[in-house]
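Student: Single-letter residue listing:
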Amino acid sequence: GAVVSQHPSRVICKSGTSVKIECRSLDFQATTMFWYRQFPKKSLMLMATSNEGSKATYEQGVEKDKFLINHASLTLSTLTVTSAHPEDSSFYICSAREPSGSRPDTQYFGPGTRLTVL
Amino acid sequence: QQPVQSPQAVILREGEDAVINCSSSKALYSVHWYRQKHGEAPVFLMILLKGGEQKGHEKISASFNEKKQQSSLYLTASQLSYSGTYFCGTEGDEDKIIFGKGTRLHILP
Chain L
1 GAVVSQHPSR VICKSGTSVK IECRSLDFQA TTMFWYRQFP KKSLMLMATS
51 NEGSKATYEQ GVEKDKFLIN HASLTLSTLT VTSAHPEDSS FYICSAREPS
101 GSRPDTQYFG PGTRLTVL
Chain H
1 QQPVQSPQAV ILREGEDAVI NCSSSKALYS VHWYRQKHGE APVFLMILLK
51 GGEQKGHEKI SASFNEKKQQ SSLYLTASQL SYSGTYFCGT EGDEDKIIFG
101 KGTRLHILP
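These protein sequence lines map, in sequence, to chains L and H. So for the first sequence, the working numbering puts the first residue at 1; every next one is plus one. So for the second sequence, the working numbering puts the first residue at 1; every next one is plus one.
Next comes chain H alone, as it looks inside the complex:
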């Protein structure tokens, strides 16, 4: 089942923070986050395993709450290069990733 992402779209000014949420109705093994720019392939950001771990990648970090089957992606002091569509992908028992509908992030200078 497809995970649900929120919000659908975000507009920020450079330097502002954003949070993107991803929730699933089924038990998850891992959550994968990607960013896709227009006309390009998705670029891998990070994987989070069950166990409630958090990870960071420059000013982008994420958390995973397996009990709530939710993950959140945190973008701190956003840069223009952060613009794009962010997809969360969830992996359960079936060993394949199902992606959410995406969150469009637009950073204004």
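For reference, chain L alone in the conformation it holds in the complex:
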């Protein structure tokens, strides 16, 4: 299957700082990427859909100004957690959709980023 990378894999930061997470599709171009958040032993909660060249579409209840998403190219999407607080600590996973020419497209997940805010 296709490969999706995320960086960093782990980050620890102080409360009030901003953290940027990168998601890259390594061997295909992804016009659409997705950002998920996962708490321990819980499901994958979709935060937003990232579209190359346009604004991200956020799910209900997700603060746009808190979680900034930029999809600058067909292989890179970034999630910036602004003014992070301890409640933002979580496992953030991105996925990229490999286009097949018709629906449905397969989504491949990155390895995830574990964010800990002190």
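Zero decoy hints are in this set.
Below, computed lysine-lysine pairings styled on PhoX-like, alpha-carbon distance capped at 20 angstroms: (1) 26/H to 68/H; (2) 41/L to 37/H; (3) 101/H to 41/L; (4) 42/L to 37/H; (5) 96/H to 64/L; (6) 96/H to 55/L.
Just so you know, the hints here were simulated from the structure itself, not pulled from any lab data.
With chain L held as given, fit chain H onto it using these hints.
Tutor: Leaving out everything else, chain H in the frame of chain L:
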């Protein structure tokens, strides 16, 4: 709306079979199945399209009944490597996948 998975957890002995169910309250275009091991990202297993298709991947297969808006994942002669949490993701008109809460599968030797 989040699909409902059942059971929440399963414990099997190596070689036994298991079925994991996924149901939705809305019309579905496709169902996606993933397996996630602790601390790792979900790994893609298969996609099923409406039309009642079935698919297989080694000893793991799945079916999709679009009329009932249900999908089932079948694990045959389970292996230790099958342990993990299985998520179904459903896709409707909105062109995005919403995941169920997951089914934890533990295989005993």
